[in-house]
Structures are given as C-alpha cells and as structure tokens.
Amino acid sequence: MQFESWPVFWDMGGYGFFVWLAFGVSFLALAGLILQSRVARKQVLKALREEQQRQARIQASRHKQQQGNQQ
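Convert by adding 903 to the 1-based position in the sequence shown; the result is the number in the numbering used here.
Since the hints were made in silico from the structure, they are not lab data.
Treat the hints with caution; some may be incorrect.
[Stated by the list, open to error] Estimated spans, in silico, between C-beta atoms of each pair: (1) Ile-961 - Ser-929: 44 to 50 Å; (2) Leu-931 - Pro-910: 22 to 28 Å; (3) Phe-930 - His-966: 33 to 39 Å; (4) Gly-916 - Arg-944: 31 to 37 Å; (5) Trp-913 - Ala-934: 17 to 23 Å.
Idealized CB from N, CA, C, for every residue including glycine.
With the hints as constraints, model all of the structure from the sequences given.
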C-alpha cells in the first residue's frame, strides 16, 4: 500500500478534503443524472402509451363511422 495508514490515506497529504469533495460532487452529479434519466424515461413511456391509446380510439371511431355510413 502506498499510504502508511488509513488516516494518512484519507488526509492525502493535506489535500484529502479537496479530493474527497471532488469525489462526492462527482458521485452526486452522476446519481442525479441517473435519477433524472429514469424520471424522463418514465415520462416518455407514459406519453407514448397515451398517444398509442389515443390513436387506437381514433381508429376505432373511424371504423364505427365507416360502418354507420355503410348501413
């Protein structure tokens, strides 16, 4: 191991605060990106489902109108 002990590792020659702060900020940014991506995916899938249902209702309505006009 390059460091003599765990406290020396965490301190990193006096730069530990900045190193671990950078790791923490990076982790939070990545976690936020993952969370935002999941929320956006759910919204897109919901909108797609709603659009497909809307298109199905339109097709059913057109089909009923065509059957009504034939009689």
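These are the hints, each one checked on the structure:
Between Ile-961 and Ser-929 the beta carbons are some 48 Å apart, a value that agrees with the proposed interval 44 to 50 Å. Checked against the hint of 22 to 28 Å, the C-beta distance between Leu-931 and Pro-910 comes to roughly 25 Å, which is consistent with it. Take Phe-930 and His-966: their Cβ atoms lie about 54 Å apart, and the range 33 to 39 Å is violated. Our hint of 31 to 37 Å for Gly-916 and Arg-944 is violated, since their Cβ atoms are close to 43 Å apart.
Checked against the given bound of 17 to 23 Å, the beta carbons of Trp-913 and Ala-934, roughly 22 Å apart, stay inside it.
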